[in-house]
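Colleague: Using the sequences and the hints given, assemble the complete structure.
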Amino acid sequence: MSDAAADSFRPHRRMRRWLGPVFGAACFVATLTGVVVLTVLMGAILAAALSGPPHSPWHDLGANLRELSALLGRLLANRQSSDPAVAGYHVGVIGSLWLLGLVAAIGIPVGIGAGVFLEEYLPAGRIRRIIQTNIANLAGVPSIVYGILGLALFVRAFGVRGLALGPSLLAGVLTLGLLILPTIVITTQEALRTVPSSLRQAALALGATRWQVISGHVLPAALPGIMTGTILGLSRAVGETAPLLMVGAAGSLLRAPRGPLDRYTALPVEIYNYAKEPNRDFQAVAAGGILILVVLLLSMNAVAILIRNRFRRAR
Amino acid sequence: MTQDASTPPNTPPPEVDAWGGQSRISALAEVLAPVLLAACGLVTVLTTIGILLVLAVQSVEFFLKAGIGVGEFLFGTVLKPEASPPKFGILPLIWGTFLIALGSSLIALPIGLMSAIYLSEYAPRVVRAVLKPTLELLAGVPTIVYGYLALLLITPLLKTVLEPLGFRVEQFNALSACIVVGVMIVPLVSSLSEDVLSAVPQGLREAAYGLGATKFEVSTRIVLPAGLSGVVASFILAISRAVGETMAVVLAAGMMPQITLNPLTSVETMTTYIVQVIGGEASYGTPKYLSLFAVGLALFGITLTLNILSSLVLRRYREVYQ
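Here the protein sequences come in this chain order: A and B.
14 is the number that the numbering used here gives to position 14 of the first sequence; each next residue is one higher, with no gaps.
285 is the number that the numbering used here gives to position 285 of the second sequence; each next residue is one higher, with no gaps.
Because the hints were derived from the structure by calculation, they are not lab data.
Heads up, a few of these hints could be off.
To give an idea of the interface, some chain B residues facing chain A are shown, with a C-beta separation under 7 Å as derived from the structure [what the hints assert, rightly or not]:
hint	residue
1	LEU28
2	GLU30
3	VAL43
4	TYR118
5	LEU131
6	THR260
7	ASN262
Once the Cα atoms are required to be at most 30 Å apart in a straight line, the calculated DSBU-like pairs of lysine-lysine come out as [said to hold, decoys possible]:
hint	chain 1	residue 1	chain 2	residue 2
8	B	LYS159	A	LYS276
9	B	LYS80	A	LYS276
10	B	LYS132	A	LYS276
Computed from a predicted structure; not experimentally measured.
Cβ atoms here follow ideal geometry from the backbone N, Cα and C, with glycine treated the same way.
Modeller: See below:
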């Protein structure tokens, strides 16, 4: 019996020794795909952006940077055009900035408010569990479905003339506001949960009311976490294209919006319009727009991640 | 937060009212704040109700106006909204969506899982501190950028590699959409899975090492099974993201509704169809226009099912450690 057991025991020592490092290396390579993609992405877009006018050799960094900044300046100053040489993103960039500001003004207070209500006021129980599940599911709804909601609710108002906003800036703002709401609510709740309950108890013991505890102590303590979520949500709003196509961001528009009820267009929508042009010359224009968008969003996200990591270390 | 904590044991005497000039304002804030905050919370509930209502009402209107049944809509194989009489069978759209979701999962799930294992088990502290934020940063790249990447880089690459071998690669094709969507959802898989794998208690690993297991065996036979529910949940969420993805697919896969196994031709997904209808000339109230709501309802149903499935897996099969 013991002989049979000894026979069936195979230590596979050599294989076991080799498998570990090989697997580790494979996993490392897999992790690097992300970094590689990011690098290739930026490189390809830079190359495409610079491919239009006659360009300097790649090692001539100064001249290339000058060309690049000239190109970006031109793209920011020019309006839409069917001529790739003078096409730009002036109206779209202004539209995106309007969207950013108004979505922040509407989405941030509502999102933080909902998070505070769920975490600090609503007692644990069935209602809270239902709302919580609902928010988790809202976070997973595809962005284009929010676009459909905005189209029927804000743009058309189910056909009620007086309430319909039409394809106006405000309709886009409300749609994007709803889109980023779950992100802000969830991160606000997470941030509030990290505030130690001893802080609340100490303030309550000194006679502070519930609202005084929240506004004076809990919210300031949770602020870094809330800011992270807010910035991530806003950067998502700026980069979204599909819902804006649904709620009528204009394909071609030569005048920047002056108020919330004006027609508008946004940077990603204009990029989409240039990118689907069959004319090859538009590729450089689209790449330049992507460059503006990616630099804007990556810096927003980097700030958010930095805030969060700093906060984590401090805890 | 609990009820007895908010009312101190020694209730303050009534002369508190005379104490501060601000007391009336703060008393008002005390009453108003929960009401306003509850209103904010209500917005999230209303959003869900709004989505359901819009999709349901407009879909019913579509089915009445187009005069077709749900079965014909879901399982019809011909989608020709312009023909007379128009045909609204969305099976080609469901097939296209399935093809893209399948292809992108084949790319994203292994890569995402392996990078999660690397980050949680193998990576030295310093490497992890650099790589993790980089992956998160990648999750912030907007989807239209990935779509443009497919047009600019992936499709020409596929053409130069595959056309000499005798395959015809269309300008818009499902394969390049699969690749970019796959790359796009890698950060989602890796960051969610990594959270679960890192949460597996150290004691399990140490016990396995104590029995003579190698690092590979600890990673694949101890840590991975212990965190399996979270890994599976992240897989399902990633598939749901791929199903709902719009801009990358619009730019990469084109708008050709057909049921095909050839990934080098153009397909149309449910999201692409919605964009196509809204970008076209269809006027408000026509069956073609209303069909976007019915397709939206089907899309919402699929993603909602996947999301609920993911949270069920996470809750039901989670291993709980003290």
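Colleague: Are the hints correct? Go through all of them and say.
Modeller: Do the hints match the structure? See the list:
1. A least Cβ separation of about 10 Å between B/LEU28 and chain A goes past the 7 Å threshold, and the interface hint is therefore violated.
2. With 7 Å as the threshold, the beta carbon of B/GLU30 comes within range of chain A, its nearest partner Cβ sitting at about 5 Å, so the hint holds.
3. Proximity of B/VAL43 to chain A holds as hinted, the smallest CB-CB distance being about 6 Å (cut-off 7 Å).
4. Look at B/TYR118: its Cβ gets to within about 4 Å of chain A, closer than 7 Å, so that hint holds up.
5. This hint holds: B/LEU131 has a C-beta 6 Å from the nearest C-beta of chain A, less than the 7 Å allowed.
6. Violation of the interface hint for B/THR260 is found here, the shortest Cβ-Cβ separation to chain A being roughly 22 Å, above the 7 Å cut-off.
7. Because the smallest distance between the Cβ of B/ASN262 and any Cβ of chain A comes to about 23 Å, over 7 Å, the interface hint for this residue is violated.
8. At roughly 19 Å between alpha-carbon atoms, B/LYS159 and A/LYS276 fall within 30 Å of each other, so this suggested pair holds.
9. Under the criterion of a C-alpha separation no larger than 30 Å, the hint pairing B/LYS80 with A/LYS276 is consistent with the structure, at around 23 Å.
10. With a C-alpha separation of about 34 Å, the suggested pair B/LYS132 and A/LYS276 falls outside the 30 Å cut-off, and the hint is violated.
The structure does not agree with the numbered hints 1, 6, 7, 10 stated previously, though it agrees with the rest.
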